[in-house]
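Please model the complete structure; the sequences and the hints are all you need to start from.
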Amino acid sequence: MPILTAMSSWWRNLRHRSGVERDLDEELAAYLDLLAEEKMRQGMSPEAARRAARIEAGGVEQIKERVRGARVGAFVDTVLLDLRYGARMLARSPGFTAVAVLALALGIGANTAISSVIDGVLLRPLPYPDDGRLVIVSRHFARSAFPYGTLCLADYLDWRAGNHAFEDPSVFNQRHFDLTGTAEPEQLAGAEVTAGFFSALRVRPLLGRVFGPGEDGPATQRLAVISESLWRRRFGADPGVVGQAVDLDGRRSTVIGVMPGEFHFPRPDSEVWTNLVFDPPTRRGPFFYRGLARLRHGVTLVQAQAEVDAIARRIELGDPRTSRLTFPLRPLREAIVGEARPALLVLFGAVALVLLIAAANVANLLLARATAREREMAVRLGLGAGRARLLRQLLTESGLLALAGGVAGVAVAASGLALLRAWNPGNLPRMQEVHLDARVLGFTLVVSLLTGFLFGLAPALQSSRADLAAALKQGGRGHSAGAGRRRARAALVVAEIALSLLLLAGAALLLRSFAMLQRVETGFVVPAARLLTMQISPNAARYRDDKACIALYERLLERVRRLPGVESAAVSDSLPPDREGDADTYVIAGRPLAPGELNPIVSAPTVSADYFRTLGIPLVKGRLFDLRDRADSRPVAIISEAMARRDFARQDPIGQRLKRSGPELHDSPYMEIVGVVGNTRYLGLARALDAAYYEPLPQNAGRKLFLVVRSAAAAASLAPLLRREVQAVDRDLVVTGVATMEQLLSDAVAPPRFRTVLLAAFAAAAVLLAAIGIYGVIAWSVAQRTHEIGVRMALGARRADVLRLVLGQGANLAAAGIGLGLAAAFALTRFLASLLFGVGATDPLTFVLAPLLLAAVALTASFVPAQRAASIDPHAALKVE
Amino acid sequence: MREPQDADADADGSQTNLLQGTLDLLILKALALGELHGLGVARRIEQITRGTFQVKPGSLFPALHRMAESGWLTSSWGESENKRRAKYYRLSKAGQRQLAAETAHWRRISLAIASALAAG
Chain U
378 MPILTAMSSW WRNLRHRSGV ERDLDEELAA YLDLLAEEKM RQGMSPEAAR RAARIEAGGV
438 EQIKERVRGA RVGAFVDTVL LDLRYGARML ARSPGFTAVA VLALALGIGA NTAISSVIDG
498 VLLRPLPYPD DGRLVIVSRH FARSAFPYGT LCLADYLDWR AGNHAFEDPS VFNQRHFDLT
558 GTAEPEQLAG AEVTAGFFSA LRVRPLLGRV FGPGEDGPAT QRLAVISESL WRRRFGADPG
618 VVGQAVDLDG RRSTVIGVMP GEFHFPRPDS EVWTNLVFDP PTRRGPFFYR GLARLRHGVT
678 LVQAQAEVDA IARRIELGDP RTSRLTFPLR PLREAIVGEA RPALLVLFGA VALVLLIAAA
738 NVANLLLARA TAREREMAVR LGLGAGRARL LRQLLTESGL LALAGGVAGV AVAASGLALL
798 RAWNPGNLPR MQEVHLDARV LGFTLVVSLL TGFLFGLAPA LQSSRADLAA ALKQGGRGHS
858 AGAGRRRARA ALVVAEIALS LLLLAGAALL LRSFAMLQRV ETGFVVPAAR LLTMQISPNA
918 ARYRDDKACI ALYERLLERV RRLPGVESAA VSDSLPPDRE GDADTYVIAG RPLAPGELNP
978 IVSAPTVSAD YFRTLGIPLV KGRLFDLRDR ADSRPVAIIS EAMARRDFAR QDPIGQRLKR
1038 SGPELHDSPY MEIVGVVGNT RYLGLARALD AAYYEPLPQN AGRKLFLVVR SAAAAASLAP
1098 LLRREVQAVD RDLVVTGVAT MEQLLSDAVA PPRFRTVLLA AFAAAAVLLA AIGIYGVIAW
1158 SVAQRTHEIG VRMALGARRA DVLRLVLGQG ANLAAAGIGL GLAAAFALTR FLASLLFGVG
1218 ATDPLTFVLA PLLLAAVALT ASFVPAQRAA SIDPHAALKV E
Chain Y
37 MREPQDADAD ADGSQTNLLQ GTLDLLILKA LALGELHGLG VARRIEQITR GTFQVKPGSL
97 FPALHRMAES GWLTSSWGES ENKRRAKYYR LSKAGQRQLA AETAHWRRIS LAIASALAAG
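Chains U and Y are the protein sequences, given in the same order. To get the numbering used here, take the position in the first sequence, counting from 1, and add 377. To get the numbering used here, take the position in the second sequence, counting from 1, and add 36.
Any given hint might turn out to be false.
Below 20 Å or equal to it, Euclidean Cα-Cα: the simulated PhoX-like pairs (lysine-lysine) are [stated by the list, open to error]:
| id | chain 1 | residue 1 | chain 2 | residue 2 |
| --- | --- | --- | --- | --- |
| 1 | U | 441 | Y | 92 |
| 2 | U | 924 | U | 1081 |
| 3 | U | 416 | Y | 65 |
| 4 | Y | 123 | Y | 92 |
| 5 | Y | 129 | Y | 65 |
| 6 | Y | 92 | Y | 129 |
| 7 | U | 416 | Y | 92 |
| 8 | U | 441 | Y | 123 |
| 9 | Y | 119 | Y | 65 |
Read the hints as simulated data drawn from the structure, not as lab findings.
Structure (structure tokens):
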């Protein structure tokens, strides 16, 4: 058919639908008249002829429906019709529609929010060209607790010398810089980087330039690249910033470029990058650096790994004290988001389950409604609607419902995402790249439509099979499709309960883990709310000298101790529960190690004399540090109980000597062990207990230290006073991270709390939906069985019997669902294993309590309709017939 | 009990499939001899096929409307022999071309089928 004709017909059909319809009516009426006339000519009475003509022609409505179907644009026509009709039907039962849309909005919204996070964090490429070729180089050797440890500069030079696999091998060192000189002193997150850093990432500055080749050698000028945010905040977005000098850690550095706002590396809050200026290292250490490089085209990660492993072997041969050294390579994206993946995937699974439960719930509601609409369907079938046509109508309705749910879901997702972004405890990388965008909205649309199809199909198939004669005869009481529908609804509820149990078990496991984590002993006994901590960073130019630093902190502690409300104060480079400062391996005097053997790397905090008293870390043996321990006195150390157990199980550690021993660290003196203190955690609560040896501040000066103060009452109110006191000692001291120990403890469990709360919320939603589902089914069944129950009561059944009958029905559904759910949970909770702490994936308590809780919820949900059933008045019930 | 319209749809569906091209060809042929109203088309087809095909209105009207939309037929309201209003259909130019094409097509097929059957 010529396309123009088709289009004009379609237009005519659409525009003049009523005209076309009238035309068709008249045509068919004329046809019947002519047919009747024909019969009359054959000798029939007019009456008989008309009847015969009608019978011969068949249903006029059916003919009309077929003609409509044959017309061009019939499809669009009926879709419009269906949509209008569907919308009207939904508007007619606002209660049903509201519940269904709400359930779907929750399901779809949660899905959209978590999908956006997954998309932004896990799926999207990093904002660097060809990001798949970027690799992070780490270090691992025997006895190191870290699979991806940091490199030293000697490693970097060896790697660079032997490199063929990478373009632009570089290293960087994440750290903080104090920006001084201009306005308020400020601490900035940033990195020291070698010249290849920016070129490996292939990022261009917004303004100026980045480091060029050779700008990381000895005797190079100090340069700085700053972020757009810093440029706007501190320099008023002045293009003349390039070439200006700034003081970073007390060193004059020249700003050479500004990076655009979307550049966030190595940390989301990095604002300054300086060129790493170094002289050829004399020893293998310290280990501060990560390697970053871009794989050459045609080189695979496996080939590159083989190359760096060969370099590691050469280093090992040259140094008998390193053993089983490797440089593990990880794709950059993996390095950034790898740790977040398990929790995100678990959350994604959880929201998918919630959506399934929501869909099952809506299917359930639709099935209930199908009973009420049985008569309508029968009438429509009788008036000539084809079954396919009815099916389409019903699916259009559920599609509309799903789309409404989807639209509401997008609103839920948007607020959910805002909440997630505000609440992100810092363990979700790339959150700044997460938004609701066309991609995710497209996903939502598809999910909504699929959901609509999913929950709409079964009820639609059921309804469109309506038995005309039976439905009409029974006056719409709907016994006909009852059995099938009852089975379908029961199956849906069983599935809902099973899925909820799965979620509930997962959430319970995380909750138990979280409770275990919070019960972990931190090692200090002073109540956390009475400890206030802050980090102090002296101007590097004025406190380059160890003596100056020590004197500064002694002066500071002196003043702080005199403040009202302060009971005790100390400084240290480490703080529980997770602020490890220095860490090193060690050697014990008189115990030579075999070649290639090494003691583990353990925490090695430097602390002022009152540190243990301030925190309440108990002395087990010997003495604490005191005024005797001066820079020029005999070097001393205090060890933790864990270390005493590990290394001095059969002898008294007091009086033994140990020394630091990083690889190729020869010159460190032996320290005499003077005391043993209780174990304290410095690597977070979830890590196995670590050994530690402490050194006194005067013998091992540190520049940036934590100040920790114990107050007589809640410590938070001391903060302003303390800050003033610090500034009074030296105006240039940069104070950051003021927080009570309570906050530090809370921050330490923020990531597990984040996922636990989310999963628990999803599980609660699931249980709620399941409860609504089971309530719906039981209430519906009670309504259906009013007559039967009336008969039973008339025959002598007591209220208790009826109650038991209905509750038994709920209990059966719950038991079936719980059985299935338990089987699924046993099979699936092991995927949670990496997120658990202190409980097994099949923790018996969880597997007893979760089903009990769900059973209680199911019975409660059945109780309301059961009671209604028990209060049925047999007279009234029987009269309804 | 099965719903009557379902039964009807099934049976009619298979018949329409079988006669998809045939019904169009018969309508075109019937109208080639002059304009007719719906019942007239049905009766003319009965007549020229010597009663083999009895076209029910449920097939006839959808076909007439479809063919009219394709531009093969034109329609207009007129008066029947007995002074009754009726909608008359007539072949358009395109319809005449279509008739020629379908006739040739049909001849080719029936020849092919006949020779195939003879070969057996």
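Hints, one by one, checked against the model:
Restraint check: the Cα-Cα separation between residue 441/U and residue 92/Y comes to about 13 Å, which is no more than 20 Å; the hinted pair holds. With a C-alpha separation of about 14 Å, the suggested pair residue 924/U and residue 1081/U falls inside the 20 Å cut-off, and the hint holds. As the CA atoms of residue 416/U and residue 65/Y are separated by approximately 26 Å, the hinted pair breaks the 20 Å bound. Straight-line distance between C-alpha atoms of residue 123/Y and residue 92/Y comes to about 17 Å, which keeps the hinted pair within the 20 Å bound.
Taken as a hint, the residue 129/Y and residue 65/Y pair is honoured in the structure, with Cα atoms around 14 Å apart against an allowance of 20 Å. Of the supplied pair hints, the one linking residue 92/Y and residue 129/Y is violated, its CA atoms being roughly 27 Å apart against a limit of 20 Å. Proximity of residue 416/U to residue 92/Y is assessed by CA-CA distance (about 16 Å); at most 20 Å being required, the pair is judged to hold. A C-alpha spacing of about 15 Å is found between residue 441/U and residue 123/Y, which places the hinted pair at or below 20 Å, so the restraint holds.
Using a Cα cut-off of 20 Å, the hinted pair residue 119/Y and residue 65/Y is violated, with the two alpha carbons roughly 26 Å apart.
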